[in-house]
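Peer 1: Those protein sequence lines, which keep their order, are chains U and A.
Heads up: the first sequence begins at 1 in our numbering, then just goes up one per residue.
Heads up: the second sequence begins at 170 in our numbering, then just goes up one per residue.
Careful: at least some of the hints might be erroneous.
Not everything, but these chain U residues come out facing chain A in the computed CB check (under 10 Å) [stated by the list, open to error]:
#1 F14
#2 M19
#3 F21
#4 A22
#5 V23
#6 L83
#7 I91
#8 L130
#9 F134
Far from chain U, by Cβ distances over 12 Å, these chain A residues were calculated [unchecked claim]:
#10 T190
#11 L341
#12 G356
Just so you know, these hints were derived from the structure itself, not from any lab.
Positions of the beta carbon are idealized from the N, C-alpha and C atoms, including for glycine.
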Amino acid sequence: MGWTTTLLENGIWFGFAAMGFAVLFNVPVRTLFYIWLLGALGGMTKLALLHFGQGIIIASLSGSTLIGLFSIAVAHRKHSPPLIFAIPAVIPMVPGILAYRMILGLIALAGDLQPDLYMKMLTETANNGLKVLFVLMSLAGGVAIPMLITRKESAKELKLILKHHGTEM
Amino acid sequence: MEQEIKKEMKDIANMLLEVGTLLMSAGANTGRIRNTVTRIAETFGYNTELLITQRALTLTISDEENNLYFDILKRTPTHTVNFSIVSGISLMSWRIVEEKWTVHQINTELDRLTTLPHFPRFIILPLVALAGAAFCRLAGGTAPDMIITFIATFVGLFIRQEATKMRFNFYLCVYFAALTASLIAAGLSLMMGWGHLQEHAFATSVLFLIPGVPLINSFSDMIDGNLQNGIIRGLNGFIISFAIALGLLTAKFIYQL
């Protein structure tokens with residue numbers, strides 16, 4: 001199986017993970033399909049960057065920024081605030097396995113280990129923990145950055161300005 | 170005359186706080202709450218000052234011309250993420266500006282929004298379970314792992330819903346759900362004869378509990394300058410994560426893994 005097939009398959013799973021959270025957060029039904037699509041696009045962006053040798057932090061930041069940008073465009077079409085699309089769509093990128101290993105590592109560090117093993121565990125746990133921290137921050141940042149750059153308090157105002165200049169999105 | 174204006178101010182203030190507390194409990198960030206309340210108040214020609222916290226909102230509404238002020242405080246209902254309400258109030262706030270709604274109209278719309286039906290349970294449970302299986306696949310799990318995660322998430326979420334109905338402490342509900350899901354995930358992978366723990370299934374079975382809304386709202390509040398609310402939301406997300414971790418560890422202890 002080529003890596004593009006794997007990428008597409010994982011895109012589908014990213015979409016379903018996003019949709020599960022959307023249902024849990026009780027989003028309006030009209031937004032469900034777009035949340036699936038945004039989740040899949042963001043996740044595939046992340047995986048593609050990882051495939052081309054980028055780190056997990058930059059890959060997650062790119063994926064979530066893409067979701068943040070598209071969520072503004074979709075917000076106009078579906079008349080819902082951007083965060084309703086963006087929050088469920090970025091959640092599948094949360095590094096669950098890394099967080100799990102970090103927690104196990106922290107518990108192990110609280111116990112009595114041999115000094116050699118302790119150093120090894122400390123290095124691994126610090127590495128996993130910092131990755132989790134920075135990935136979470138870049139997920140939240142990616143969602144917020146597009147709204148900050150447009151310097152508007154609401155996606156609706158953005159639409160009014162675009163209309164005024166005659167460039168409907 | 171003054172009595173009439175006072176009555177009107179009081180009605181508007183009550184309605185504004187209803188909007189604000191609903192948004193807070195449904196999972197909107199602080200900036201959005203402030204913008205929405207201010208936007209609605211301005212269409213009625215009043216100035217408002219707001220103090221927004223996690224558990225209560227304070228509002229001062231003023232009419233500079235007549236030198237009238239009115240203060241009011243309202244507790245926030247229990248926090249349960251509900252994006253239909255956030256979306257509905259956002260739409261409504263623009264219609265109020267464009268169509269000049271009355272307070273009565275707004276209150277009727279708020280009643281309608283709060284009684285809107287949720288997704289039925291038989292849709293939520295399988296879809297969230299499918300999301301769990303998707304997480305498992307993305308973490309590198311195979312088909313049997315995905316089935317285990319599906320079942321674990323399904324039952325875990327069911328336990329969480331039941332625990333919430335029984336009015337247990339919120340963090341305790343998360344702990345029960347995490348414990349159930351990880352017990353099932355570990356139990357199934359041991360039963361199926363692999364003889365060892367399937368890490369993918371075990372770790373991803375609790376991911377449906379991750380506090381996405383508190384953590385993302387924490388960040389967006391902080392960069393917006395609402396540091397206090399940001400810290401409180403972040404701490405809330407941290408305690409939820411801790412409850413999840415505790416559930417996992419209890420399951421590991423029970424199976425002596």
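Peer 1: A separate judgement is required for each hint: does it hold in the structure or not?
Peer 2: Here is what the structure says about each hint:
no.: 1; hint: F14; result: 7 Å, holds
no.: 2; hint: M19; result: 6 Å, holds
no.: 3; hint: F21; result: 6 Å, holds
no.: 4; hint: A22; result: 8 Å, holds
no.: 5; hint: V23; result: 5 Å, holds
no.: 6; hint: L83; result: 7 Å, holds
no.: 7; hint: I91; result: 4 Å, holds
no.: 8; hint: L130; result: 16 Å, violated
no.: 9; hint: F134; result: 12 Å, violated
no.: 10; hint: T190; result: 17 Å, holds
no.: 11; hint: L341; result: 19 Å, holds
no.: 12; hint: G356; result: 18 Å, holds
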